[in-house]
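Asks: Here is how the chains run, residue by residue.
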Amino acid sequence: MEKLFRWLFGKQPQPPAEKATDIASTAPLTEEQLKAIVNSQNPQFDLQQLIAAAGQSVGKQRELNEDSLLALTTTIAGHSGNLPFGLYIVADGMGGHQFGEVASNAAVRTVAGYVFKKFLPYFFQIKADLMDESFQEIMAAAVNEAQRVIQRDAPGSGTTLTAALIVGQQVTIAHVGDSRAYFVYPDGRIETVTRDHSLVQRLQELGHITAEEAENYPHRNVLYKALGQGDILDPEIFTLAFPQTATLLICSDGLWGVVAEQDIIRAINEAPNLQRACQNLVTAANAAGGPDNISVILAQLIG
Amino acid sequence: MKSPKFAVVKPSRANYNLSQLGEIPLETRLFPELSDDEKGDETAAAKSQLQAGVMLAKRYLIQEVVGLGGMGSVYRARDMHFPNVNKLVAVKEMINSAPDPLVRQTIVQNFEREANLLATLHHPSIPKIYDYFSLESRSYLVLEFIHGKDMEAVINDTNGFLPEEQVLAWAIELCDVLDYLHNHKPDPIIFRDMKPSNVMINSSGEVVLVDFGIAKAFQSGTKGTMIGTEGYSPPEQYRGEATQAADIYSLGATLHHALTRRDPRLEPPFSFAERPIRRINPLVSPELEAIVNRALEYDPASRFKSAAEMKDALTAVARKTGLLGRMRPIASPIKSEGFKPLWKFKCEDEVRGTPAVHQGTLYIGSYDNNLYALGAADGKFQWKYPTDGGIVSRPLIVEGNIIVGSEDKRLHVISARSGKVVWTYYTDGPIRSSPTIAEGHLFFGSDDHYLHAVNINTGRMAWRFESADAIRSTPFVMSEMIYFGAESGDYYAVNFRGELKWRFRSKRAVTASTVGTGQAIYFTSVDATLYALDPHNGWVIWRFRLGKPSISTPCIADDLIIVGAADGFIYAVEARNAKEVWRFRTEHQVNGSPVFYKDSIYCGSVDGNLYCLEYRTGRLRWKFGTEGAITGTPLVYDDVVYFGSTDHHVYALLA
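Chains as they are written, first to last, in numbering that gives the first Met the number 0: chain S, 0 to 302; chain W, 0 to 654.
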């Protein structure tokens, strides 16, 4: 019987890294160098581990920080399994109306508080049953709760919200507005996970303006969806598998609107660790003038 | 720093002034009824709601809450200045809880503006205002009480589509009231927030516009700060322009929603062109569709010049189609095409199972206890193998043997060539679960509560795993794990050694089988839910509510999960976010499972039809009628669809 149960082969072989030609213009590395990077990013640990770092700056041109961020990472491992858990949130309060900073702060704390309360009994008490509420339902309820709190405490104000809940390998994203989540790969690829809820983005999608026109569009900052605004909120909520070797980046437009993608990729892939990468990104945004508040979170799932 | 969604961008904080704060939206609505969700919503307003029996301003006796907004409630109240008649009024409350005094003051001014505006308006589709007052941090508007419900509730409560003539009649009335507002003197009034929930349908079926909280007198040449409702507002309103043309766009959006049942707030902005009305609701006339499309033109100059012009176009359609004169008989949009099957074969009893094809032969079980071998090309009988019970499971073909479970409690292994038994394996209950093979072992469930693992070569049990109830689902094997549900509602993940890795509990039986990708596994339950679980640990990624219980096994079509339910619908749901992409209504329960082949979905229904749908849109390509229910899963192989029906026949159709 044993010989028939040959399920104990190792993991499936990794798919080969992207061809060097795909990235030649951005990161002229040889195949060998590339492999070395891929391998160094993907050591085989027994323990699957989530690691994260964050960075923030008010920028060079504003006095008030209207961004809020939250990063929390937990690892629980033992006989009953190994379950990385993380919650990462960036919220960028809207100016123009008052209390943007109140809104972003309320958003981050309310969402995090709601999610922790839900997971607490399952992580820190011995509970045999699995939770029957889904990740997506919990995130949706948390965002709606934040919407309610903002409308109560600071009516008329609003904020963006990009939150990633990580349980095991599942990354559940809740997203409203134009903060962004990306996956950045060691081979130099970057994948935008979220879609901006901005007028300029929508007009581009519809082909009414080109990418170049978008750069100088006078209403670049206008959002069509924001937390705290509108009578029904329809946040985008979806779940992805955390890609092996990728780094999750969540940031406000104080980073992505200021620092070119290539420089973001380089800052992450060339840094010795995530903390330094966060610092590099914040420094790059400030070096480019720092016109807006900057918030950055980086996370990796290793093993 | 962001710019608020409808605000004109200010270059810096230093520039910001009261005129901007003057546009804080009043999130109040006149709801006639509360949905359950809203009742459960503990907003600040709900916590401090006035109780029934409270007398307000020594005049208005509060009866009940009829609506809830972001800043307060709407009550039905009795006006006690008319003690001898039951005069009902709507009392709209605004609780001002903003911490900043400047903001608080502006909110009150806004509310007053709505009161002043309403006081100048007289039109049958605009509620009369009776009173306005403030008490401490609360302000109140007293308005005509509208008996009825709002259009959004009417749309949601209607099964299927609203009749075209109904929507047309409302459209004409809405144009009329917009025409009145737009011709208001001295300045035109732009309503700015036309949407179904702001349109009440009174007891006579006429429309009444409610919530003038953000309506605004329009001064030409100025740019205002824009407020509106996402989904219904035109592109230029986001840039700070609100004109008559903006109201016409929002009316178009409202009509589009009413005709298609697709809520634009759940879709990207300005995406109506991607949802053509007649593709969703073929009952709508091309004439009405053309009018709505023109109202929804991206460029304001391409829309109707005025509400009056749009009204004329609508009445012309009403005359031409005779829609307002009489009800149009509702015809089925697409008829059964009545084509002939390639072949059909009659068994001696119902065929509820699922076929398998191997080397030109089709194998299928029947309730007449036989497993049949038929020529796949011509339906010719080759042999039959009798068991002692009905066969509902799907045969499995392994190395020249056909393996099938029967309600006679046995798993039968039959030689494909001779139709003779090779070996059988006994369980202690009927077998309705289909066998799955992996690593030289057969895995299947039985009504004896066990998942059996049987060596394919020896026919002997390797192990069995005891579950809480009968197992009728087919085990799904992925990444060295076996996933299956039981009639108790328990759902198990077991490894190849028969050790439990995790267990999940749904509220009712899990009869359907599982499908999966590396990231997630999908199954339905009789608790009327489609589940997506993490295959590694059983945590729930999402749940999708079906109208009724389901025993249909989902299929994966690109990034869609497609499944049937007992409410008669076939649903298509996005795998990443559980959003419904389409649903298709059949005439009876959908207990069979859909299959995906090329770009079509094939699925049977208890209504006797086999449906072929375009998988991206759910549009009907064709249907084929049989004389009995179709409860099995069709098999599509080499462009031919094979399936059985309870009319005793096995059918083969060209896909």
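In case anyone wonders, no lab produced these hints; they're calculated from the structure.
Every residue gets a Cβ at the ideal spot worked out from N, C-alpha and C, and that includes glycine.
Accuracy of the hints is not assured; some may be wrong.
EDC-like cross-link-like pairs, simulated, lysine to aspartate or glutamate; straight-line CA separation at most 16 Å [what the hints assert, rightly or not]:
hint, chain 1, residue 1, chain 2, residue 2
1, W, 506, S, 132
2, W, 578, S, 144
3, W, 506, S, 235
4, W, 578, S, 128
5, W, 310, S, 233
6, W, 506, S, 131
7, W, 500, S, 235
Calculated from the model, a selection of chain W residues having no Cβ within reach of chain S, i.e. all distances over 10 Å [unchecked claim]:
hint, residue
8, 155
9, 486
10, 573
Asks: Would you mind marking each hint as holding or not holding in the structure?
Replies: Hints and how they fare:
no.	hint	result
1	W:506 with S:132	12 Å, holds
2	W:578 with S:144	21 Å, violated
3	W:506 with S:235	28 Å, violated
4	W:578 with S:128	27 Å, violated
5	W:310 with S:233	33 Å, violated
6	W:506 with S:131	10 Å, holds
7	W:500 with S:235	32 Å, violated
8	155	13 Å, holds
9	486	18 Å, holds
10	573	8 Å, violated
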